[in-house]
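J.: With full-length UniProt numbering, letter number 179 in the sequence shown gets 179, and the count goes up by one each step, no holes.
Don't read these hints as lab results, they were simulated from the structure. Errors might be hidden in some of the hints.
[Unchecked claim] Under the rule of at most 30 Å between Cα atoms (straight-line distance), these lysine-lysine pairs were calculated in the DSSO-like manner: (1) K265 - K254; (2) K171 - K229; (3) K229 - K254; (4) K265 - K171; (5) K314 - K265.
[Claimed, not checked] Cβ-Cβ distance ranges computed for the label pairs, FRET-style: (6) E185 - A288: 29 to 35 Å; (7) P240 - E33: 48 to 54 Å; (8) K254 - Q204: 24 to 30 Å; (9) L262 - P21: 47 to 53 Å; (10) E8 - G174: 48 to 54 Å; (11) K314 - V24: 49 to 55 Å; (12) E185 - D215: 27 to 33 Å.
Source: prediction; values computed, not measured. Even glycine gets a Cβ: it sits at the ideal position worked out from N, Cα and C.
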Amino acid sequence: MYAITIPEPGGPDALVWAEVPDPVPGEGEVLVEVAASAVNRADLLQRQGFYDPPPGSSPYPGLECAGRIAALGPGVPEPSAASESGAGWAVGDEVCALLSGGGYAEKVAVPAGQLLPVPGGLDAVSAAALPEVTCTVWSNVFMIAHLRPGETLLVHGGASGIGTMAVQLAKAVGARVAVTAGSPEKLARCAELGADILIDYREQDFVEELRAATDGEGADVILDIMGAKYLERNVRALAPNGRLAIIGLQGGVKAELHLGALLAKRGAVTATSLRGRPPGEKAAIVGAVREHVWPLLADGRVRPVVDRTLPMRKAAEAHRVLDESAHVGKVVLTT
Numbered sequence: 001m002y003a004i005t006i007p008e009p010g011g012p013d014a015l016v017w018a019e020v021p022d023p024v025p026g027e028g029e030v031l032v033e034v035a036a037s038a039v040n041r042a043d044l045l046q047r048q049g050f051y052d053p054p055p056g057s058s059p060y061p062g063l064e065c066a067g068r069i070a071a072l073g074p075g076v077p078e079p080s081a082a083s084e085s086g087a088g089w090a091v092g093d094e095v096c097a098l099l100s101g102g103g104y105a106e107k108v109a110v111p112a113g114q115l116l117p118v119p120g121g122l123d124a125v126s127a128a129a130l131p132e133v134t135c136t137v138w139s140n141v142f143m144i145a146h147l148r149p150g151e152t153l154l155v156h157g158g159a160s161g162i163g164t165m166a167v168q169l170a171k172a173v174g175a176r177v178a179v180t181a182g183s184p185e186k187l188a189r190c191a192e193l194g195a196d197i198l199i200d201y202r203e204q205d206f207v208e209e210l211r212a213a214t215d216g217e218g219a220d221v222i223l224d225i226m227g228a229k230y231l232e233r234n235v236r237a238l239a240p241n242g243r244l245a246i247i248g249l250q251g252g253v254k255a256e257l258h259l260g261a262l263l264a265k266r267g268a269v270t271a272t273s274l275r276g277r278p279p280g281e282k283a284a285i286v287g288a289v290r291e292h293v294w295p296l297l298a299d300g301r302v303r304p305v306v307d308r309t310l311p312m313r314k315a316a317e318a319h320r321v322l323d324e325s326a327h328v329g330k331v332v333l334t335t
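Put together the whole structure using the sequences plus the hints.
T.: The following block contains the structure:
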C-alpha cells in the first residue's frame with residue numbers, strides 16, 4: 001500500500017507519499033481500506049518530531065479515518081455472534097474509526113472497539129471528520145466536566161474542528177455557548193452553528209466579554225486548547241463550581257496556577273489527551289459517542305463541518321492550511 005511517511009521531521013514538505021508494507025490486523029483488530037482521513041494538530045506535531053505515536057501504533061500520521069472493513073483479525077465478533085450492543089462487524093461494513101496513528105494511508109489496522117458505523121446519510125469524507133472531534137468533545141465536556149442543560153460553555157478556538165463540534169453538541173443538550181475566534185468571519189460561522197456569545201480574541205478580552213454576557217458569572221465549563229498562555233485568565237473566567245478542561249498546549253506548557261483563586265471558586269482543572277489512552281478507555285469513549293452523539297447526527301441536530309478536501313498525497317498542502325489556521329472545521333484527505 002501507499003502511506004504518508006515522515007523520513008525526517010520538519011515542515012510540511014517532510015511528508016512523503018511512499019510505498020510501505022500492508023498492515024496485518026492482530027487480535028481484536030480489523031483491517032480498514034481507507035477512503036478518507038482528517039487532519040489534526042497532533043499530526044503537525046508528529047511531523048515536526050514532537051509527538052511520537054504510542055508504542056506499537058502505526059508510525060504514519062492520522063488519528064481518524066473512514067472506509068470499509070477489508071478483513072477481520074482473530075477474536076473480532078461477526079454480527080451473528082454479536083451481543084445486543086451491536087459489537088459485531090463484517091467485511092464490507094462502512095465504518096469510521098478513532099486511531100492512534102496510520103490514517104494517512106490506504107489501509108490501517110484498528111482495534112474493533114474503536115470502530116463506529118458511518119452515520120446514515122453521510123459519505124466517507126464527512127464521516128472521516130467525526131471520530132477524533134466527537135470523542136474529544138464528548139469525553140472532556142460531558143464525561144469529565146459534566147456540562148448540563150442551562151450551563152454556559154466557553155470554547156476557545158470555536159471555528160476549529162474541535163470547536164465546531166463542541167458548539168453543536170453543547171447546544172444540542174441545552175447549554176449556552178460562548179466562543180473565541182480570531183476573525184469576524186470565523187465568529188459568524190460559529191454563530192451559524194448556534195454560538196450565543198462571540199468573542200474576537202484579537203480585539204477583545206475574553207474574560208471581560210464573558211462576564212458581561214453572563215451577568216458577572218462566567219463559564220461553568222471551559223474547553224481550552226491554549227494551555228499555559230490562557231491558564232490565569234481561564235481561572236478568572238470560571239463561574240463558581242466551574243470546570244476547566246485543557247486539551248491542547250498551543251500557548252505553552254508551563255504557567256503559574258493561583259490555587260487561592262481556584263479554591264475561592266470551588267473550581268476544577270483537568271488536562272487530558274486521547275491518543276495515548278489504553279484501548280479499553282478508548283473503547284468506552286467510542287461506545288459513549290455511539291450512544292449519545294450518533295443519534296444527534298442521525299436526526300440532523302449535529303453535523304460534521306468540512307472546510308475542504310485534498311488528495312492524501314497532497315497532505316503537505318493540508319498541513320499548511322492548519323499551520324496558517326486558514327480553515328473552519330476539518331480538512332480531510334482522500335485516497
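J.: Compare the structure with each hint and give your call.
T.: Each hint tested on the structure:
Our distance criterion of 30 Å between C-alpha atoms is met by K265 and K254, whose separation comes to about 22 Å. For the hint linking K171 to K229, the alpha-carbon distance of about 27 Å falls within 30 Å, and the restraint holds. Between K229 and K254 the alpha-carbon distance is near 8 Å, which keeps this suggested pair within the 30 Å criterion. Of the pairs offered as hints, the one joining K265 and K171 holds, with about 25 Å between alpha carbons and a cut-off of 30 Å not exceeded.
The straight-line distance between the Cα atoms of K314 and K265 is roughly 48 Å, outside the 30 Å bound, and the hint therefore fails. Distance hint for E185 and A288: a CB-CB separation of about 33 Å, consistent with the stated range 29 to 35 Å. About 51 Å separates the C-beta atoms of P240 and E33, a value consistent with the hinted range of 48 to 54 Å. Take K254 and Q204: their Cβ atoms lie about 26 Å apart, and the range 24 to 30 Å holds.
For L262 paired with P21, a C-beta distance near 50 Å keeps the hint of 47 to 53 Å intact. Range check, E8 to G174: Cβ separation about 49 Å, and the 48 to 54 Å hint holds. Evaluation of the 49 to 55 Å hint for K314 and V24 yields a failure: the beta carbon distance comes to about 28 Å. Judged by the Cβ atoms, the range 27 to 33 Å given for E185 and D215 holds: they are separated by roughly 29 Å.
Checked against the numbered hints above, the structure breaks hints 5 and 11 and satisfies the rest.
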